[in-house]
Amino acid sequence: DVKVTQSSRYLVKRTGEKVFLECVQDMDHENMFWYRQDPGLGLRLIYFSYDVKMKEKGDIPEGYSVSREKKERFSLILESASTNQTSMYLCASSLDYSSNQPQHFGDGTRLSIL
Amino acid sequence: AQKVTQAQTEISVVEKEDVTLDCVYETRDTTYYLFWYKQPPSGELVFLIRRNSFDEQNEISGRYSWNFQKSTSSFNFTITASQVVDSAVYFCALSEGGGGADGLTFGKGTHLIIQP
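Heads up: the protein sequence lines correspond to chains A and B, in order. Quick note on this note's numbering: the first sequence kicks off at 13 and runs consecutively. Quick note on this note's numbering: the second sequence kicks off at 60 and runs consecutively.
Take the hints with a grain of salt, since some may be wrong.
[Said to hold, decoys possible] Covered by chain B, per the in silico footprint, the following chain A stretches (three or more residues, Cβ under 8 Å):
id, stretch
1, 39-53
2, 113-120
[Claimed, not checked] Straight line, CA to CA, 35 Å or less: simulated DSBU-like cross-link-like pairs of lysine-lysine:
id, chain 1, residue 1, chain 2, residue 2
3, A, K82, A, K15
4, A, K15, B, K129
5, A, K69, B, K129
6, B, K97, A, K83
[Said to hold, decoys possible] Beyond 12 Å from chain A on every Cβ pair, some chain B residues (computed):
id, residue
7, Q65
8, I70
9, S71
10, V73
11, E74
12, E85
13, I119
14, S120
15, R122
16, Y123
17, S132
18, I138
19, T139
Bear in mind the hints are in silico, worked out from the structure with no lab data behind them. Note that beta-carbon positions come from the ideal geometry of N, C-alpha and C, so glycine has one too.
With these hints in hand, go ahead and build the complete structure from the sequences.
In structure tokens:
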């Protein structure tokens with residue numbers, strides 16, 4: 013089974029802090045994704061990566077950046093956290109482009125910015 | 060631009076009833092993928108099914124069945140003889156072109172409540 017692990021289940025930070033959310037997958041997947049989930053809005057794509065050191069903006073990249081230094085790890089960075097970034101963050105991975113395999117999700121990190 | 064609409068925000072039924080969750084999508088691509096995911100109270104998203112745009116066959120998996128109709132741009136999900144464990148938020152999602160590399164566009168989800 014694919015395992016996508018997010019480092020924290022719950023996280024509380026303060027406005028203006030630099031926040032790192034970490035995600036690791038153990039199945040040698042090429043593609044990794046970050047989404048945020050908000051009530052009434054569903055899931056929205058922030059950033060994704062289809063290879064090491066590669067990144068692509070999703071639908072709502074403003075206020076975020078990402079890092080993919082190793083294939084198995086994809087980090088989401090809030091450069092200067094703001095209260096409107098309080099949300100549930102979900103990481104996902106999928107095998108590669110050509111196989112069209114579905115995305116597998118981690119358990120999520122519930123982030124609160126005070 | 061692609062869009063997924065799940066018009067039912069919340070559905071509540073009594074156990075053993077059948078229930079259908081609606082999903083309508085919009086896309087300009089001729090090649091696309093549709094997905095259903097389940098999110099139980101514990102929070103993780105569980106993959107249920109993937110369908111590509113060239114395969115309109117309905118699919119049945121146990122108590123679950125899916126009805127894909129390109130003519131109405133719909134991909135509906137039916138649970139037969141519902142059980143309390145089916146209580147969850149269900150998301151329909153769309154991916155244009157590749158199903159794995161591209162990000163998914165999700166609907167807003169339908170909260171399904173199965174009462175004992």
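Each hint, compared with the structure:
no., hint, result
1, 39-53, "holds (count 6)"
2, 113-120, "holds (count 8)"
3, A/K82 - A/K15, "16 Å, holds"
4, A/K15 - B/K129, "34 Å, holds"
5, A/K69 - B/K129, "29 Å, holds"
6, B/K97 - A/K83, "27 Å, holds"
7, Q65, "8 Å, violated"
8, I70, "16 Å, holds"
9, S71, "18 Å, holds"
10, V73, "26 Å, holds"
11, E74, "26 Å, holds"
12, E85, "15 Å, holds"
13, I119, "19 Å, holds"
14, S120, "14 Å, holds"
15, R122, "21 Å, holds"
16, Y123, "16 Å, holds"
17, S132, "18 Å, holds"
18, I138, "20 Å, holds"
19, T139, "23 Å, holds"
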